Amino acid sequence: MMKWKRYIILFFFITLLLFIIVLRIAPTEKWQEFKMKSSISQHEIPEEYIDLYQEAANEYHIPWELLASVHRVETIFSTMDPLVSPVGALGHFQFMPRTWVGWTYPGGDLGEIDEDVDITDLTLIEEHGGYGVDGNGDGIADPFDIVDAAYSAAKYLSKYGASEGNYEEALFAYNKSDDYVEEVMMYFNTYQENYETFTLQE
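Under numbering that gives the first Met the number 0, the residues of the sequence shown are numbered 0 to 201, in order.
A portion of the hints provided could be inaccurate.
What the hints assert, rightly or not - Cβ-Cβ distance ranges computed for the label pairs, FRET-style:
| no. | residue 1 | residue 2 | range |
| --- | --- | --- | --- |
| 1 | Leu199 | Val83 | 26 to 32 Å |
| 2 | Thr103 | Lys175 | 16 to 22 Å |
| 3 | Glu181 | Gly136 | 31 to 37 Å |
| 4 | Tyr179 | Glu125 | 34 to 40 Å |
| 5 | Gly138 | Ala172 | 39 to 45 Å |
| 6 | Thr198 | Asp108 | 22 to 28 Å |
| 7 | Thr103 | Glu167 | 24 to 30 Å |
| 8 | Asp115 | Asn193 | 45 to 51 Å |
| 9 | Pro81 | Glu46 | 22 to 28 Å |
Source of the hints: derived by calculation from the structure; they are not laboratory data.
Keep in mind it's a predicted model, so treat the numbers as computed, not measured.
Just so you know, even glycine gets a beta-carbon here, dropped at the ideal spot from N, CA and C.
Using the sequences and the accompanying hints, generate a full structural model.
What follows is the structure, given as structure tokens:
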């Protein structure tokens, strides 16, 4: 009986040691995300993005603070690395490929499509009714380009009611989660009341 106890104790300590080693050598993405969230206060917005938020929001008649709030929650102002989620959402504002290109394009139920498809092709996007926008006028709509992504997010939110003041409905269409809507609305209300600017470190 004592022998088994020794084995159990030894197994426990080996497992604990391996766990500590893994944590020290390879911090998880969630931990990195937590550290970044902790370094940016609830009231802060990157100064370098405000003009873009305002331009894209004005184009689609939505509050720019709403766009900033979505950016904050989706990728912590594009500080997430990589800008690809575990389920395949892409870019600064985390679009699923079929949402970007259009849901009439063949693909998976979650919004994924074959990796060899050029989702930046404006003709393809127009054909399938996607939300990808060429915001910077370079001839493509790229979810990894911050300007294109911001204009595309503004277009999507506007389409689903944000231009008419239905912010929560638009946010739920963007990400079907009540917790998500609540978090974005918290930032939106905060930014509308009072916000501070800061500069992102390169």
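Going down the list of hints, with the structure as the test:
no.	hint	result
1	Leu199 <-> Val83: 26 to 32 Å	violated (20 Å)
2	Thr103 <-> Lys175: 16 to 22 Å	holds (20 Å)
3	Glu181 <-> Gly136: 31 to 37 Å	holds (36 Å)
4	Tyr179 <-> Glu125: 34 to 40 Å	violated (29 Å)
5	Gly138 <-> Ala172: 39 to 45 Å	violated (28 Å)
6	Thr198 <-> Asp108: 22 to 28 Å	violated (41 Å)
7	Thr103 <-> Glu167: 24 to 30 Å	holds (27 Å)
8	Asp115 <-> Asn193: 45 to 51 Å	holds (47 Å)
9	Pro81 <-> Glu46: 22 to 28 Å	holds (24 Å)
Going down the numbered hints, you'll see the structure goes against 1, 4, 5 and 6, while the others check out.
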